[in-house]
Structures are given as structure tokens and as C-alpha cells.
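Produce the complete structure using the sequences and hints provided.
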Amino acid sequence: MNSDQAKKLSLPALLERLGYQPTQITKGGKEYWYLSPFRQEMIASFHTSYLGGKWIWNDFGDTGGTVIDFVMRYKGFNHVQEALQFLEAIFKAGMAPSTAQEEKSPQGALFDSVAQVENPVLELKRVTPLKMSLPYIAQRGIDEAVAKLYLKEVHFINTNTGKNYFAAGIKNVSGGYEIRNPYFKSSIGKKDLSFVPGEEGRGVVSVFEGIMDFLTYLTEEKRLRMPEDVIILNSISFLQRAKSYLQARRYTRILTFFDNDRTGELATEDFLSSFSSGVVIPQNQRYSGFVDYNGKIDLS
Numbered sequence: 227m228n229s230d231q232a233k234k235l236s237l238p239a240l241l242e243r244l245g246y247q248p249t250q251i252t253k254g255g256k257e258y259w260y261l262s263p264f265r266q267e268m269i270a271s272f273h274t275s276y277l278g279g280k281w282i283w284n285d286f287g288d289t290g291g292t293v294i295d296f297v298m299r300y301k302g303f304n305h306v307q308e309a310l311q312f313l314e315a316i317f318k319a320g321m322a323p324s325t326a327q328e329e330k331s332p333q334g335a336l337f338d339s340v341a342q343v344e345n346p347v348l349e350l351k352r353v354t355p356l357k358m359s360l361p362y363i364a365q366r367g368i369d370e371a372v373a374k375l376y377l378k379e380v381h382f383i384n385t386n387t388g389k390n391y392f393a394a395g396i397k398n399v400s401g402g403y404e405i406r407n408p409y410f411k412s413s414i415g416k417k418d419l420s421f422v423p424g425e426e427g428r429g430v431v432s433v434f435e436g437i438m439d440f441l442t443y444l445t446e447e448k449r450l451r452m453p454e455d456v457i458i459l460n461s462i463s464f465l466q467r468a469k470s471y472l473q474a475r476r477y478t479r480i481l482t483f484f485d486n487d488r489t490g491e492l493a494t495e496d497f498l499s500s501f502s503s504g505v506v507i508p509q510n511q512r513y514s515g516f517v518d519y520n521g522k523i524d525l526s
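Okay, so the sequence shown: first residue is 227 according to the numbering used here, each after it adds one.
Honestly, the hints are just simulated from the structure, not real lab data. Mixed in with the good hints there might be a few duds.
[What the hints assert, rightly or not] With a Cα cut of at most 25 Å, we get these calculated DSS-like pairs of lysine-lysine: (1) K256 <-> K416; (2) K389 <-> K233; (3) K253 <-> K357; (4) K357 <-> K378; (5) K351 <-> K378; (6) K378 <-> K280; (7) K234 <-> K301; (8) K351 <-> K416; (9) K448 <-> K389; (10) K234 <-> K256; (11) K448 <-> K522; (12) K522 <-> K378; (13) K448 <-> K374; (14) K389 <-> K357; (15) K301 <-> K357.
Structure, rendered in C-alpha cells:
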């Protein structure tokens, strides 16, 4: 890959591979806003725009430039060649290939991403019981029985290359799948919150940032199901959507499992100020000393 080729790559697609999701998409899909990849924040100040046949970025608290400039800033590279090698690796080897031939699912959806020529277009092929992703799940310290209850093996194809892949995934409330494997974290279909109903329906809900944190809690507690409802944000950018969801259901107790970093602290403060006194009960002391709950047991 040379510099001209790299500058034509989709920055939204790159950010997706790095685990970032837009908080807002404007100008007919030609401008994406994100929480800055360079610092912790609650209001998006980073945006990327499609101008002159390529993606450029600007950060109100930092600098801006091309895809190459972003990689050099993000990774701390000193040479353009390092950035080119990184981009080639992440775009060509960003997902684990699928070789299974399970029965095809009747469901189908398009990857929720900007529709530019350089973007991979991921199409859902089938959803099967968890099997090939189990080594990755075990590496994350998650109990196998817990993982099999909540996760599926999501098989999909990059229609630009014709290559097939798989990842562990959980369904969200919009019918899409939040997927991840050792190399890739994204979504198939529309990205949204995930909801798991509790066994008792007693007006209590637990809110986790990610699926691995939820599965870690169950693994540590040696249980398969929760008595209370569970909401998984799948992205901190869905914080406000989660609040609206919770307020509409009038929960009397909200247990939050946000990260032990500045973003997690701000999210906790936001929840505490948005609900009546005593309703929100932070649980991050359970994994004190670790950024998130899964970091407590992750074996990788």
C-alpha cells in the first residue's frame, strides 16, 4: 500500500475496526462525529468528513489531516511507512476467516457503515450456536456455559472481497448483532443497546458498558441468569439512549458497571445526576484496580 492508496481509505471504517462508533452522522453520511480517540470526553469533538474524494479529520482539542496523519497521531508513529504498514495490516487482516458450513440463516442485513467504495460491505450469512469462537471466549476468562447462553456465532461475508468471516455476537434491540473476535469489534445491521430480561422483573436493572463485562459478572458470580433486567450499552455513545430507556421503564434501582477511567467516571456522574437520589448505585468498586470488569479475569 502506498500513500495515495492509503489516503483513499475510509476513516469511518478504520475507526470502526479500532472500536469507535459515531455519536452522530450528518451531511447525508459524509460527516461522522466521535468521542475523541485521543482523550476521554463525553461530548464529541472529533469529526471526519468526506471531501475531495478522500476522508479528512479534525479534532477541536488536537489537530487534523488525512487517514495517514490520523494513524501516525493515534499510534505515535514517526515515519509514514509505519502508518502504511499498520493500515495494510488492519484492512487486510482485520477479521478471523470463517470456514464452517453451517446451515444458512434466513436473516440478512448490511453492515451499518458509510457506503464508500473503499469500505468493506459486510453481509450477514447465518447465525449458529457458539463453537469456533469458544477459544477466544476462554481467553477472555468467560465461562463456556455463560457464553453459550448469551452469544451466537455470527457468520458474515465481505461482499467487496468475497471472503467469509465469523465472530461471537449478541443481538441488540434493533435486530442487529454486536460482534467481536480477537481482531475485530463492530456490528452487523443497525447498532444499538442490548437488553436481557431478568428472571424476577422486580424494577431493578444492571447497566454494563460491554458484553464482556456482563459475561464476566456472571462468570465471577457463578450464575447463568440475572434476577434483574440487564442493559448493555455496546458503546458509551449510547449513554443518553440508555437513560431514556431506563426513565421510560421507571426502574427503582439502577446498578451501573461503568469503566474505571475518566469516561466511566463522567458516565457515572451523569447517571447520578439524572435520577432521583438513591436510585443509581455504582458497582465499579467490584473491579477496582482494573479499567473494566473483564480486565479482572481476562487471561490474554
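Against the structure, the hints:
Straight-line distance between C-alpha atoms of K256 and K416 comes to about 18 Å, which keeps the hinted pair within the 25 Å bound. Between K389 and K233 the CA atoms are separated by roughly 24 Å; this keeps the pair inside 25 Å, and the hint holds. A C-alpha spacing of about 41 Å is found between K253 and K357, which places the hinted pair above 25 Å, so the restraint is violated. Proposed proximity of K357 and K378 is supported: the alpha carbons are some 9 Å apart, at most 25 Å.
The straight-line distance between the Cα atoms of K351 and K378 is roughly 13 Å, inside the 25 Å bound, and the hint therefore holds. For the given pair, K378 sits about 36 Å from K280 by alpha-carbon distance, which is inconsistent with the 25 Å threshold. Straight-line distance between C-alpha atoms of K234 and K301 comes to about 19 Å, which keeps the hinted pair within the 25 Å bound. As the CA atoms of K351 and K416 are separated by approximately 16 Å, the hinted pair is consistent with the 25 Å bound.
Annotation: proposed proximity of K448 to K389 is violated, straight-line Cα distance about 38 Å (limit 25 Å). Using a Cα cut-off of 25 Å, the hinted pair K234 and K256 holds, with the two alpha carbons roughly 14 Å apart. Using a Cα cut-off of 25 Å, the hinted pair K448 and K522 holds, with the two alpha carbons roughly 15 Å apart. The suggested pairing of K522 with K378 holds, with an alpha-carbon distance near 24 Å, which does not exceed 25 Å.
Restraint check for K448 and K374: satisfied, since their Cα atoms lie roughly 14 Å apart, inside the 25 Å limit. Between K389 and K357 the CA atoms are separated by roughly 20 Å; this keeps the pair inside 25 Å, and the hint holds. In summary, the hint linking K301 to K357 is not supported, as the alpha carbons are separated by about 34 Å, beyond the 25 Å threshold.
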